[in-house]
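Engineer: Quick mapping for you: the protein sequence lines, in order, are chains S and Y.
Reminder that position 256 of the first sequence reads as 259 in my numbering, one-by-one numbering, no gaps.
Reminder that position 153 of the second sequence reads as 156 in my numbering, one-by-one numbering, no gaps.
All clues given are correct.
Identical chains blur together in the list; that is why a pair holds if it fits in one copy or across any two.
With a straight-line cut-off of 27 Å between C-alpha atoms, the simulated DSSO-like cross-links for lysine-lysine are:
| no. | residue 1 | residue 2 |
| --- | --- | --- |
| 1 | 198 | 186 |
| 2 | 198 | 188 |
| 3 | 28 | 180 |
| 4 | 236 | 126 |
The hints are simulated quantities; they were obtained by calculation from the structure and are not laboratory data.
2 protein chains.
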Amino acid sequence: MAELGVITELITLLKLDQHEDVKAKLDEMAVQDIATAIAELNEEERLVLLRALPTERQTDVFSYLAVTVQREVLDTMSAEESRRILHELLPDDRTAFLESLEAEELESQLKLLAPEDLKQSLKLLGYPEESAGRLMTPRFVSVRPQWTVTRALDHIRHEADRGETVNFVFVTDDRGKLLDAVKLKDFILGRQDQKVEALMDQEVISIQASADREDAVSTIQHYDINTLPVTDKQGVLLGIITVDDVMDVAEQEVTEDFHKLGAAGAVTMSLRDARPSLLYRKRIGWLVILVFVNLISGAAISIFENAIEAVIALVFFLPLIIASGGNAGSQSATLMVRALATGDVELRDWLRLWGKELTVAILLGVTMAFVVSFVGVWRGGAELGMVVALSMVAVVIMGAMLGMLLPFLLTRFNLDPATASAPLITSIADIGGILIYFSIAAAILTLPAPV
Amino acid sequence: MAELGVITELITLLKLDQHEDVKAKLDEMAVQDIATAIAELNEEERLVLLRALPTERQTDVFSYLAVTVQREVLDTMSAEESRRILHELLPDDRTAFLESLEAEELESQLKLLAPEDLKQSLKLLGYPEESAGRLMTPRFVSVRPQWTVTRALDHIRHEADRGETVNFVFVTDDRGKLLDAVKLKDFILGRQDQKVEALMDQEVISIQASADREDAVSTIQHYDINTLPVTDKQGVLLGIITVDDVMDVAEQEVTEDFHKLGAAGAVTMSLRDARPSLLYRKRIGWLVILVFVNLISGAAISIFENAIEAVIALVFFLPLIIASGGNAGSQSATLMVRALATGDVELRDWLRLWGKELTVAILLGVTMAFVVSFVGVWRGGAELGMVVALSMVAVVIMGAMLGMLLPFLLTRFNLDPATASAPLITSIADIGGILIYFSIAAAILTLPAPV
Chain S
4 MAELGVITEL ITLLKLDQHE DVKAKLDEMA VQDIATAIAE LNEEERLVLL RALPTERQTD
64 VFSYLAVTVQ REVLDTMSAE ESRRILHELL PDDRTAFLES LEAEELESQL KLLAPEDLKQ
124 SLKLLGYPEE SAGRLMTPRF VSVRPQWTVT RALDHIRHEA DRGETVNFVF VTDDRGKLLD
184 AVKLKDFILG RQDQKVEALM DQEVISIQAS ADREDAVSTI QHYDINTLPV TDKQGVLLGI
244 ITVDDVMDVA EQEVTEDFHK LGAAGAVTMS LRDARPSLLY RKRIGWLVIL VFVNLISGAA
304 ISIFENAIEA VIALVFFLPL IIASGGNAGS QSATLMVRAL ATGDVELRDW LRLWGKELTV
364 AILLGVTMAF VVSFVGVWRG GAELGMVVAL SMVAVVIMGA MLGMLLPFLL TRFNLDPATA
424 SAPLITSIAD IGGILIYFSI AAAILTLPAP V
Chain Y
4 MAELGVITEL ITLLKLDQHE DVKAKLDEMA VQDIATAIAE LNEEERLVLL RALPTERQTD
64 VFSYLAVTVQ REVLDTMSAE ESRRILHELL PDDRTAFLES LEAEELESQL KLLAPEDLKQ
124 SLKLLGYPEE SAGRLMTPRF VSVRPQWTVT RALDHIRHEA DRGETVNFVF VTDDRGKLLD
184 AVKLKDFILG RQDQKVEALM DQEVISIQAS ADREDAVSTI QHYDINTLPV TDKQGVLLGI
244 ITVDDVMDVA EQEVTEDFHK LGAAGAVTMS LRDARPSLLY RKRIGWLVIL VFVNLISGAA
304 ISIFENAIEA VIALVFFLPL IIASGGNAGS QSATLMVRAL ATGDVELRDW LRLWGKELTV
364 AILLGVTMAF VVSFVGVWRG GAELGMVVAL SMVAVVIMGA MLGMLLPFLL TRFNLDPATA
424 SAPLITSIAD IGGILIYFSI AAAILTLPAP V
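Taking the hints into account, I'd like the entire structure generated from these sequences.
Structural biologist: Shown next, in the form of structure tokens:
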């Protein structure tokens, strides 16, 4: 919860040019809230606000800005200021900023870095996109197993400012190989003349730098840990990933899944900042594919043109019947896609879930058929009522099966189950719905033969 | 990442009755992985596995089981074992288990609790459902501002086992009012004869026990903190919420949003364990509502029955035109619902986004019209081609506007924007699509007047 009242107050003071009051207000605000306020300001006001902050807080505030805002801010700052902020940023925050830049911009920003920072940043940017390495910070505190607790605590005191967090202290051998992670608490509780070895339990969860960042997220979630050590293939400790980085990544991944479910390509940047051309490119692909799927529906209908001409009342129920299949299918696809994403359900569960979904679909279809059969009888007599009711049951079962099985099938072939979007399921269910409806109508009513 | 290999190995050993090997394997496994293994076993095997664990690890493993599995395990255990596990559970884990029970079961489990535990659990269960109070653990370590750092560290050492985490030490006054949160690190770095006061920065983020648990999630995410103190209305510290609890809640909330977007009521339990009757109840409501919305589509079509009889080729494009509006609408609704949920977009942004969405929708509509006009000309000549192309542009714009505005409108009236589900948008867009399509057809082709 950003404290909205405080933020509005700050902006008002700023617009009124009350610099002393602005400073006083900033003093009592959290950096995250100042960052929220900055996003609401224009370029000039942003600079005024940042410069009103003591230098050591500027970088802190900067690190909480969205990357698009970060870029705009650095563009308007002096080279001197930019250089200082880039230097003071934590390595993982600096990677997040740099990887958002286009090639040309990246080059000009890298030029601002001190040689040491440049070396570090190039190394971090060398890990594959969306890998655990890109998320990590190389700032951690490590001790040796043969040290005494007193010596280790001295070392921790000395290095504490370098480490992003010291809630966990990592134990490595002389070549940097990760041996264990020990809680800071245990160092305080332990006897001071003990060796670090005595505090170790040899149980440490770690991840390789080349691993997918989603694996880093699920490891931290599965093991309920706040800090995940990252190693190379030989087990040498390279850096740490903290739970706050992981929460941001988890949110992005969920957003991507949401967008896919709506058949919009994943829009990774802020919707507020996204340009129309980007949104167009992300969305047009699926829409055009769906046009062709829907044309098949048209072709299916045209087979039954004679039947429609003979019993025009059939058209009245057409939107209902085909939509109901899509609706039931969207429901089951949504449930399955999410359950597969959270790991609640796995590939091998499909048969068990299929049986359950079939039961549910029959219940849903019968209920909906019951509701709609009255309207059918009213519009076209008992026979049409029966056509509509039977079609409803069949179409709902077909849609639900489609919505349930497609995500599993996609997973089976190593494709993303979220590709089974609501619009895709709806469009495919439309085709099935048309064929089912008119076939049942042809069997029950006296209709001319299909074209 | 549960280490799947290890889990499979463990289960195999267990099924082969190799008890010694099972014990050895369990020794090197993390409790979270043992919990994952237990979920795969039958009741009898679960008991064997749990009893093979040293008692102090049993409760740890138990706390990582899904509540449905926890219930099954406790049901098969002896009263003695159940009593011990319930006693040893951390208070927040105990609340999570107890709140999942039906009234009758709850009563019988509460009887197993020691008087002290019972008092604590009843207090925690007294906070409203889905409130911050339900998530918290009353185990924290607090110190007074006038204490010296040495005395505080002694106290922390003494109390560390009570606290779920001591990465943050809370400073309270004599009446328990929360004054500050100080990092454990600062106690180690600080001069030992200093007063705790000297370490305080008077900046502490906290939340009231009665607040919504979603606020607890967003506060922890916004401020990037690992531990959130929970107070009563007077600011007295009652407990703490840790980031791992919050990640679980965040995942549940996202799942609820997903399900709503698919027009399935939020299914909060595991899909694997959910009974068909529950799934039926969660889904039938929206499906029946949508039946009535779709009947309006039918009514809209029946207005144009004469036109359809005159130009039967119009029916060919009907599924395409109405589906395209729904598809574009599903896309924009999905983007908006997610952006509103993450706070990327707020209510006051609607005008700016409306302009952008309109631009995007025109581009999308024109592209799709271009694609489909050829098919239109081929099926029914130049005039029908024009009807189809114009309808496509209009319908896509209508769908996109509907999908964008409905989530804002719902938010404006304090309703959940996720109610604007893909199936709802699709069904409403169907009605608009039918009216638009046949109106344009009537204007361009020579058609009989509507009924």
